[in-house]
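Use the sequences and the hints to build the structure in full.
Each protein sequence line maps, in turn, to chains A and P.
Heads up: the first sequence begins at 1 in the working numbering, then just goes up one per residue.
Heads up: the second sequence begins at 1 in the working numbering, then just goes up one per residue.
Warning: the hint list may mix true and false statements.
Mimicking DSBU-like on lysine-lysine, the simulated pairs with C-alpha atoms at most 35 Å apart in a straight line are [unchecked claim]: (1) 37/A to 56/P; (2) 137/A to 106/A; (3) 137/A to 115/P; (4) 137/A to 126/P; (5) 106/A to 87/A; (6) 117/P to 37/A.
For the chain P half of the interface with chain A, some residues (derived, Cβ under 10 Å), not all of them [said to hold, decoys possible]: (7) 19; (8) 23; (9) 25; (10) 29; (11) 31; (12) 32; (13) 99; (14) 102; (15) 136; (16) 140; (17) 142.
FYI, nobody ran anything at the bench for these hints, they're computed from the structure.
We put the CB at the ideal spot given by N, CA and C, even for glycine.
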Amino acid sequence: MHKIVFTIVILFLSVSSAGASFGISTDNRSVDFGQMKLEEEKELRYLGDYHSEITCTSSNQRTWYLKVNLLMALTSGANTITPDNFKWQLVWNDGRGTLANPYRFKEFSFNPGLTYISGPGDSQGNAIHLRFKYYLKIPEAQAYGIYITVVRFTLTEIL
Amino acid sequence: MIFLLFGILCGFVSICLALEQTFTDLPCSVEVLPTFSLSLDRNQIDFGLVEPGAAKTLPEAGHFNELRCRSNYGRTWHLKAEMLFGPKLAGGDFSLPLSAFKLKVVSAQALSEPKAKFQFAPLDKKSQVIYISQSEENIGKEVVLRFQYQFEPPVDAPAGTYTGQILFTLTDTP
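Next comes the structure, spelled out in structure tokens:
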């Protein structure tokens with residue numbers, strides 16, 4: 001009996017460490033809007049129709065989700081640009097999943113917002129590429145200065 | 001012993017089935033440019049012919065010109081006006097009293113009340129504050145003031161052409 005249980009434990013150990021991959025990476029291009037005037041609007045598309053490429057890989061054979069959020073508002077000292085002025089759009093992907101917000105800009109929020117739901121064949125260890133562009137409008141009342149924040153992309157199996 | 005091994009087994013099963021999550025971050029930045037501007041859409045005021053002792057208003061209804069102020073320096077700003085010279089008789093040293101020329105703010109897009117709103121007031125040779133910004137106006141919300149002007153030469157004013165110059169100043173200093 002002990003031998004059987006031991007064998008099962010070894011079997012699970014081998015399953016849990018059998019080269020599973022689950023990762024996310026970017027092209028590391030910062031989301032830099034440069035200089036903007038009051039009330040100016042700008043679409044950030046460094047490479048023609050997109051700015052950032054996110055690469056997601058999973059071999060877990062389970063549905064995964066790509067989410068995006070801001071860690072804080074665009075901030076310069078005590079001043080902030082409210083997130084409703086800052087938007088993202090998923091413009092292209094080579095997966096077989098579903099876009100959560102097809103082909104239109106969506107406002108950033110501090111809570112992770114769904115951008116993509118993986119489809120059949122997206123969780124077999126192959127890299128799925130997703131391309132994003134960004135939009136920013138400077139409000140009519142906004143103190144001058146350099147504003148910074150962090151955009152976070154989260155690859156998760158939790159909806 | 002069996003229970004212990006079963007517990008270990010369940011632990012491994014839950015590890016195998018645990019839902020995964022990971023993330024990556026991108027830095028984001030923008031530089032909002034400074035603005036400190038004052039503009040006037042019409043800067044030539046011509047009253048035409050005016051009878052001595054009679055007041056002429058430009059225009060009779062509505063506004064003659066529009067002044068726009070904007071700053072996003074994050075500080076209170078002041079709009080000032082002064083009569084640089086005049087109303088002075090052309091070709092001589094004679095000037096009419098300052099009270100012969102007046103202005104009035106007929107409408108405003110502003111968060112507080114401008115001076116000379118709805119009533120004609122003369123300008124001084126020293127600059128006077130017409131408007132003081134507040135709250136969102138200190139960080140870029142535009143203030144628009146619309147003016148009417150009035151010229152009333154005294155009954156004993158010598159005939160001739162009178163000229164003058166008004167200076168509007170946008171400044172951080174009170």
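Now for the hints, and whether the structure bears them out:
no.: 1; hint: 37/A to 56/P; in the structure: 41 Å, violated
no.: 2; hint: 137/A to 106/A; in the structure: 13 Å, holds
no.: 3; hint: 137/A to 115/P; in the structure: 34 Å, holds
no.: 4; hint: 137/A to 126/P; in the structure: 41 Å, violated
no.: 5; hint: 106/A to 87/A; in the structure: 5 Å, holds
no.: 6; hint: 117/P to 37/A; in the structure: 31 Å, holds
no.: 7; hint: 19; in the structure: 4 Å, holds
no.: 8; hint: 23; in the structure: 4 Å, holds
no.: 9; hint: 25; in the structure: 5 Å, holds
no.: 10; hint: 29; in the structure: 5 Å, holds
no.: 11; hint: 31; in the structure: 5 Å, holds
no.: 12; hint: 32; in the structure: 5 Å, holds
no.: 13; hint: 99; in the structure: 38 Å, violated
no.: 14; hint: 102; in the structure: 32 Å, violated
no.: 15; hint: 136; in the structure: 4 Å, holds
no.: 16; hint: 140; in the structure: 5 Å, holds
no.: 17; hint: 142; in the structure: 7 Å, holds
Hints 1, 4, 13 and 14 from the earlier list are contradicted by this structure; the remaining hints agree with it.
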